[in-house]
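Assemble the complex: chain D is given as a structure, and chains L, Y and S must be docked to it using the hints.
4 protein chains.
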Amino acid sequence: MPTILGQNQYGKAENRVVTITRDGATHHIKDLNVSVALSGDMEDVHYNGSNANVLPTDTTKNTVFAFAKEHGIESAEQFGIHLARHFVTSQEPIHRARIRIEEYAWERIETPGEAKHSFVRKGQETRLTQLTYDGESWEVLSGLKDLTVLNSTDSEFWGYVKDRYTTLKETHDRILATSVSSRWRFNWTDDAQEMPDWEASYARVKQHMLRAFAETYSLSLQQTLYQMGSRVIEECAEIDEIRFSLPNSHHFLVDLEPFGLKNDNEVYFASDRPYGLIEATVLRDGCEPRIPVDLTNL
Amino acid sequence: MPTILGQNQYGKAENRVVTITRDGATHHIKDLNVSVALSGDMEDVHYNGSNANVLPTDTTKNTVFAFAKEHGIESAEQFGIHLARHFVTSQEPIHRARIRIEEYAWERIETPGEAKHSFVRKGQETRLTQLTYDGESWEVLSGLKDLTVLNSTDSEFWGYVKDRYTTLKETHDRILATSVSSRWRFNWTDDAQEMPDWEASYARVKQHMLRAFAETYSLSLQQTLYQMGSRVIEECAEIDEIRFSLPNSHHFLVDLEPFGLKNDNEVYFASDRPYGLIEATVLRDGCEPRIPVDLTNL
Amino acid sequence: MPTILGQNQYGKAENRVVTITRDGATHHIKDLNVSVALSGDMEDVHYNGSNANVLPTDTTKNTVFAFAKEHGIESAEQFGIHLARHFVTSQEPIHRARIRIEEYAWERIETPGEAKHSFVRKGQETRLTQLTYDGESWEVLSGLKDLTVLNSTDSEFWGYVKDRYTTLKETHDRILATSVSSRWRFNWTDDAQEMPDWEASYARVKQHMLRAFAETYSLSLQQTLYQMGSRVIEECAEIDEIRFSLPNSHHFLVDLEPFGLKNDNEVYFASDRPYGLIEATVLRDGCEPRIPVDLTNL
Amino acid sequence: MPTILGQNQYGKAENRVVTITRDGATHHIKDLNVSVALSGDMEDVHYNGSNANVLPTDTTKNTVFAFAKEHGIESAEQFGIHLARHFVTSQEPIHRARIRIEEYAWERIETPGEAKHSFVRKGQETRLTQLTYDGESWEVLSGLKDLTVLNSTDSEFWGYVKDRYTTLKETHDRILATSVSSRWRFNWTDDAQEMPDWEASYARVKQHMLRAFAETYSLSLQQTLYQMGSRVIEECAEIDEIRFSLPNSHHFLVDLEPFGLKNDNEVYFASDRPYGLIEATVLRDGCEPRIPVDLTNL
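Chains as they are written, first to last, in the working numbering: chain D, 2 to 299; chain L, 2 to 299; chain Y, 2 to 299; chain S, 2 to 299.
Hints in this document: simulated from the structure, not taken from any laboratory.
Heads up, some of the hints might be wrong.
No copy labels: a pair is met if it fits in one copy or bridges any two.
Cut-off 20 Å, straight-line C-alpha distance, at most; resulting in silico cross-link-like pairs (SDA-like, lysine to any residue) [stated by the list, open to error]:
(1) Lys146 / Asp295
(2) Lys163 / Arg97
(3) Lys263 / Asp174
(4) Lys263 / Asn188
Isolated chain D (complex conformation) (with noise of 0.2 Å):
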């Protein structure tokens, strides 16, 4: 046979679980979009469709709702961690489980009464997490997507390389927009360690992204992409990397003079494309990168 099979993994992708927890009047909602990938000893199902070793994905679906119910959702990291733990651990041909997360917020709707049971979507980012078990290491990425952010001053874009087929004019002073695509690794692998804990770690990470994001003042894009990873590692002692992809939003300011009208930095054309793309990684010293350079969406 001149071909051979090389990496692969199968599971169910997009589980939509919502959960509903009750403490009296006062209900708490979780809503989570769930992919499970697993691999192991799958050469015979490829090579002659032999099922033998493969757990059905309908499986790995009816494991996310049940587990729902028996372990409840802490947090998207933690409900990770049981089910890749659960299907390393209870398949004997399964030797990697991938888990993802994309997680929806809700805030409360404010009613007079005492009963707490209405709910409107935030809508801002997505919150993301995925949990790689081995059996042995874990490996946890989490991140965000579609956190739409703009300084409306402070940057400036000049002293760039000039070639043949450079006309962009220098400027001393534009918006700055993205829509911030991040993920970040957790220096917890091992059961043996403390777990961190996922809920504030998210906050404390999202809310420093956003405040080097306003107070860089900014001569390029990938300054301030790199002044918002340095702070996410400084800050947050649990994570040792982060990547971003940061679209740079174009906000063009319209020539108003053919009109008798000066634009004094007031009036834009927001662009779809093409638009700039910058994308890179920050590191604690020392530390070895292992976020893919291609950030994926789920």
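Then chains L, Y and S, alone, in the frame of chain D:
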């Protein structure tokens, strides 16, 4: 000629205009997506390609950006009124202008310093407005879309018709969730009337809509819809009519019995398609309906 | 009560039904997305939550799948007629049914053997139909969306109105491109009339629409639109009215002079937003317009 | 400084370039979406905002359009090779360029005359390529996405692992459907080698992929995937590795028994989420895998 021209309109759609207003170190942002549609004496351009009556769509785009400078953007509604009036009054062949606007909300990123020029997109619902002017009177429809809400209890569904194809079980406790799309019509139609406070009106409508959703003990989504609509009409004297398009975002209780578990309204599967779709208009008594049956996105 | 109920409708939207019909080793596929909207005596459910007149949306879903077995899917139109008639004639409180259908086309994967059961989705336009029945007469609107077409020459744009905000240069050779969204109305309204051949009619409309687009030397997209519409009406006796929504998908000639290059209508930038939007109805002379101004996706 | 910069890249993404080539009255069209990502000596811009080594993303955009004129677009691969080579060889600080391209296919609108300048977008799969150059060797990954295929029989699924959470029934006749996303790697890596015929290669890969899908009697989607991959490797000597991401697009047989009907593999519900997701690499024996585990859209 066996065919004739019927209703027609044209213009530039989806002009993405962002304005920054400076109040010392404090900046304010407005972020709109503006679509222009003009009608009038347009037979010639359709029948034989003469553009003698055609103001180019490119010009309508330029006008949007120029007006953002000349008039500022106090509110989406006020901005649209400036535009619609301009096209109808400045161009003889144009008899009717319809301006549609989407508005995206931003909130400030909290920072310790004095500078206030950093923003994060709120990311909840999208605010909408449509302004139509024929040279004499105004029609103002405002609205919103993608406002996702959920009650985790106080919803029942029973006592319905059963026919040969009915298999649904009655329920006395279910999740009720929807993504609200709504348009409401102002009774301001004439420049001689006092103009509503568009910003305050929007905030009031949204608040009452959310509270009516939360406070209604629901026997059907139709009942909840009607409560939401009548609450808005009752609390907002400036509005005579409101229409909703409410997908019933099904959250199915997962059957955990095969796994020896009891699901006491805790674990749900959030389904995508198909979904119930409930649409209705609520009117102030004595008013004529004018909002179209089909709500369109832009 | 100061508010009253206006137009309302409900049903299950986006039922994705696929049927396989076997003709020996040759299989045939139909792939539809069916949405049901019912209206009638629905005051009670809105005013006080009584479901006594409400056939559940879940039942309307079941009916779609059951009818795919009982009646088969000869064409989207014929299938929708079965459904609409059923709801109005079998349920006393239901006075009007509107069925909307999207259809996705497949073509065969060519294989050497006799078996004909493999398909690849064609992936061009989506076919649409909407059938409305009130117990007496029918309204059939069919259509399509996302049919993307382009002429690389034979398009001009000049001789238009210039005002203070006009900066556009006239052109005598440009790309004309659009993504066609169209709906057309059949003059079949009564069971006593002979029913059109829905499949043949669709093929004929699409062919004439494409050919009129290709063969029109265009002075404006409005002119092209009118040619497309009148060609369909002239060639299809079963159709009395057609409406188009045509985005002008701008392909801007790139200025290569800064790089010492001449762009002889060779290199274009395909822009996303904003875009011109041209909408119009073409009618058989003497017929009343009934297609709504705003074409909706489903 | 406790943090350091890791992998980074930047450039202009999603440059939508369309070219028209005239051969008398016969026109040819190429329609690409080109993304540029450059890496090199970029520490300064991240650490302190110095742009001295930064060729602006705007310049990379200009280069795309200028090269469409200077070199033409013979194929997406050939065009990307021109671009990647240019950036690495003309800019000292740039050590690596990665060009990603999406290509949209068009077919001619048939018209009776001689003019051949009218096109309709084919609308099936999107063709992809990614070219990476470090100044010495090339890596070419081509691929496709959104190629939706379906077998209406000759698919079984049984003999799988059953655990506590397994409820799935075995089946000996089901629909097998997926939307193919695939990337394949060429063994052309050096300018000294003869370059493949990129257009012919793509057509060959797609044909064999479709035929292998259609001709495989499937006991699992994994088996079908492997057959598709090994067929491509066997038939295309220029390709050493191929990876697939195949969602199992579930078509569930609808239970019609409650309505007194028998569903003899005729009526299916096409489900959206969740879905099985099967991913694997197939390699020419003896070759090293280089395609990343996660296939990204652009």
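Hints, verified against the model:
no.	hint	in the structure
1	Lys146 / Asp295	both (13 Å within a copy, 17 Å between copies)
2	Lys163 / Arg97	between (49 Å within a copy, 19 Å between copies)
3	Lys263 / Asp174	within (16 Å within a copy, 33 Å between copies)
4	Lys263 / Asn188	neither (53 Å within a copy, 37 Å between copies)
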